[in-house]
Amino acid sequence: MDALIQLGIFATLLGFGFFFGRRAEAKHYQSIFAREDELRQIVVSTDRFPPKEFMNHNAALVSGNVVISVDYFKRVSAGLRALVGGRIRSYETLLDRARREALLRMQEQARIAGAEAIINTKFETSRVSGNNNKGIGSIEVLAYGTALSPKALEASTFTL
Amino acid sequence: MSFAKQNPKIPEGINTSADNPLKEFFILLAGVLLVLGVSVALLLLLANTFAPHIPFHYEQQLTNKYGEWSKSKTESSLALQEAEAAVQDLGQQLAAQADLGSDISVHFHLLDQAETPNAFATLGGHIFVTTGLLKEVSSENALAMVLAHEIAHIKFRHPAQSLSGGLLVQLFLSIITGGQNATALQNTTQQAGLLTMLGFSRQMESKADDAALTTLENYYGHLAGAEEFFSKVLAQHGQARWQALFTSHPDLRQRIDHIQRRAEQQSGANSGDNTAQAITPLDPRLANFDA
Amino acid sequence: MTTILLSNIEIIPGKRVSQHLGLVLGSTVRAKHAGKDIMAGLKNIFGGELGGYTELLSEARQEATDRMTEQAKVIGANAVINVRYSTSSIAAGASEILAYGTAVFLEER
Chain A
1 MDALIQLGIF ATLLGFGFFF GRRAEAKHYQ SIFAREDELR QIVVSTDRFP PKEFMNHNAA
61 LVSGNVVISV DYFKRVSAGL RALVGGRIRS YETLLDRARR EALLRMQEQA RIAGAEAIIN
121 TKFETSRVSG NNNKGIGSIE VLAYGTALSP KALEASTFTL
Chain B
1 MSFAKQNPKI PEGINTSADN PLKEFFILLA GVLLVLGVSV ALLLLLANTF APHIPFHYEQ
61 QLTNKYGEWS KSKTESSLAL QEAEAAVQDL GQQLAAQADL GSDISVHFHL LDQAETPNAF
121 ATLGGHIFVT TGLLKEVSSE NALAMVLAHE IAHIKFRHPA QSLSGGLLVQ LFLSIITGGQ
181 NATALQNTTQ QAGLLTMLGF SRQMESKADD AALTTLENYY GHLAGAEEFF SKVLAQHGQA
241 RWQALFTSHP DLRQRIDHIQ RRAEQQSGAN SGDNTAQAIT PLDPRLANFD A
Chain C
1 MTTILLSNIE IIPGKRVSQH LGLVLGSTVR AKHAGKDIMA GLKNIFGGEL GGYTELLSEA
61 RQEATDRMTE QAKVIGANAV INVRYSTSSI AAGASEILAY GTAVFLEER
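Residue numbers (the working numbering), protein chains in the order written: chain A, 1 to 160; chain B, 1 to 291; chain C, 1 to 109.
No lab work stands behind these hints, which were simulated from the structure alone.
This list has only true hints and no planted wrong ones.
Straight-line distance between alpha carbons at most 30 angstroms, and here's what the computed DSS-like set of lysine-lysine pairs gives:
| no. | chain 1 | residue 1 | chain 2 | residue 2 |
| --- | --- | --- | --- | --- |
| 1 | B | Lys9 | C | Lys73 |
| 2 | C | Lys15 | B | Lys5 |
| 3 | B | Lys135 | B | Lys207 |
| 4 | A | Lys52 | C | Lys73 |
| 5 | A | Lys27 | C | Lys73 |
| 6 | C | Lys73 | C | Lys15 |
| 7 | A | Lys122 | B | Lys5 |
| 8 | C | Lys73 | B | Lys5 |
| 9 | A | Lys52 | A | Lys151 |
| 10 | B | Lys9 | A | Lys122 |
| 11 | A | Lys122 | A | Lys27 |
| 12 | A | Lys151 | B | Lys9 |
| 13 | B | Lys135 | B | Lys232 |
| 14 | A | Lys122 | C | Lys73 |
| 15 | C | Lys36 | B | Lys23 |
| 16 | C | Lys15 | B | Lys9 |
| 17 | A | Lys52 | B | Lys5 |
| 18 | B | Lys23 | A | Lys27 |
| 19 | C | Lys15 | A | Lys52 |
| 20 | A | Lys27 | B | Lys9 |
| 21 | A | Lys151 | B | Lys5 |
| 22 | A | Lys151 | A | Lys122 |
| 23 | C | Lys15 | A | Lys122 |
| 24 | B | Lys5 | A | Lys27 |
| 25 | A | Lys52 | B | Lys9 |
Please build the complete structure, drawing on both the sequences and the hints.
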């Protein structure tokens, strides 16, 4: 009987994880698509030197980070996959979302600074300990780079 | 060269896949559970094959303290001590009929737990009976059935088998899932292991029932009254057939049916000798607990 | 289609960037099966190279690179410059590899 109750709890948690996790993911992707379109003008690149047309721009560090956690369903599904080996698809969407979100936040910061492009973009991913170090707790993705904003625009902001 | 005017629009599905995760999940779950189930079953088979070859005196050395504990119970009531002696008498007589191995001996202990009708056998040939069980049985035959069942467990070395099997399975599961450190996964595999072990445990119970009936036949010459305890438990608690899948003991109805079938076969074998079917009353020393 | 040139410098000798296209990413999360994990655990006692994990990471890195290359192809690039790799451990026994760079179109100088 005990085993049955435990099995029931397990199945319920899985169901909740799947349902809510999937809904949250779909919603997050919708918002990512919309904001990516909106911020498409702020070009992100990994170039280390500013291109010629940006030579006289101001440079400033911008960054965006996000900490994201995984639902119960994905955790169990990843655990099963880890027994067999291979690609863990449930974590791939998680990281894809996290990385794009971090980029978007960096771009938003750049837009506030009036920047036109971000160069020398780098990513940093780390596991934030949680859940007593058991399995995946949550992960942080940080995106950072140098935002290039035109000097004229900055001068006009000074006069405000 | 021209610097990009805007970020590229990259199609989805390169770094991720849109496949339904449920499909992958169920295929994986089914596969992993199957492999786990088979490995656990193999380990248990291994334990069941080798455990009976562990010398019985190792078990006895491990469990010496039960005997001492039983002797030191001087403060218990006189009625309880007498009842324990009565259970011991009946048990030893049954054990003599049970075809035990030469090195195996059994010891009976009475536990003063009036609320829980139960009996169990453990390592070293120690068998525990609760006073609650004495309340539930009205004849010696019913009590003898329970005692003979536990004696059969000892005879087949079931306590050693399930303990060593359990240890092996735990070890195996923790090696497999240890590196993962994922509680959720550990739970899943534990459940799979547990269900497989319960299957084995039910087999042991059926085997013990069978041997117990043979012992009773040898002792009383008939099987009348043997199923009384099981019938009472069934009447009190009721048990749906599906629930049996999650318990260590087989379906109660099946057990009772099995006893009755054996009883019919047996009475068919020596028909016309109905006088022998008399039910033996309980020893008066046990009657104090008969509510 | 032609192969994509990958480089972690930004000025390719003999070529010049004619068109700058933007950031491309490729990532994958992978795990080795439990048997390999156990072997690696044993190896940890004696030291030495963990062959299973070396293989895991190089496979994953290859896949991340392939995915980045595919993104670059789709947007019409013929090279990815300034490529960077980053590795992180997501859960015990599973690691993520990220490859990213700037997709460009190169011309002969």
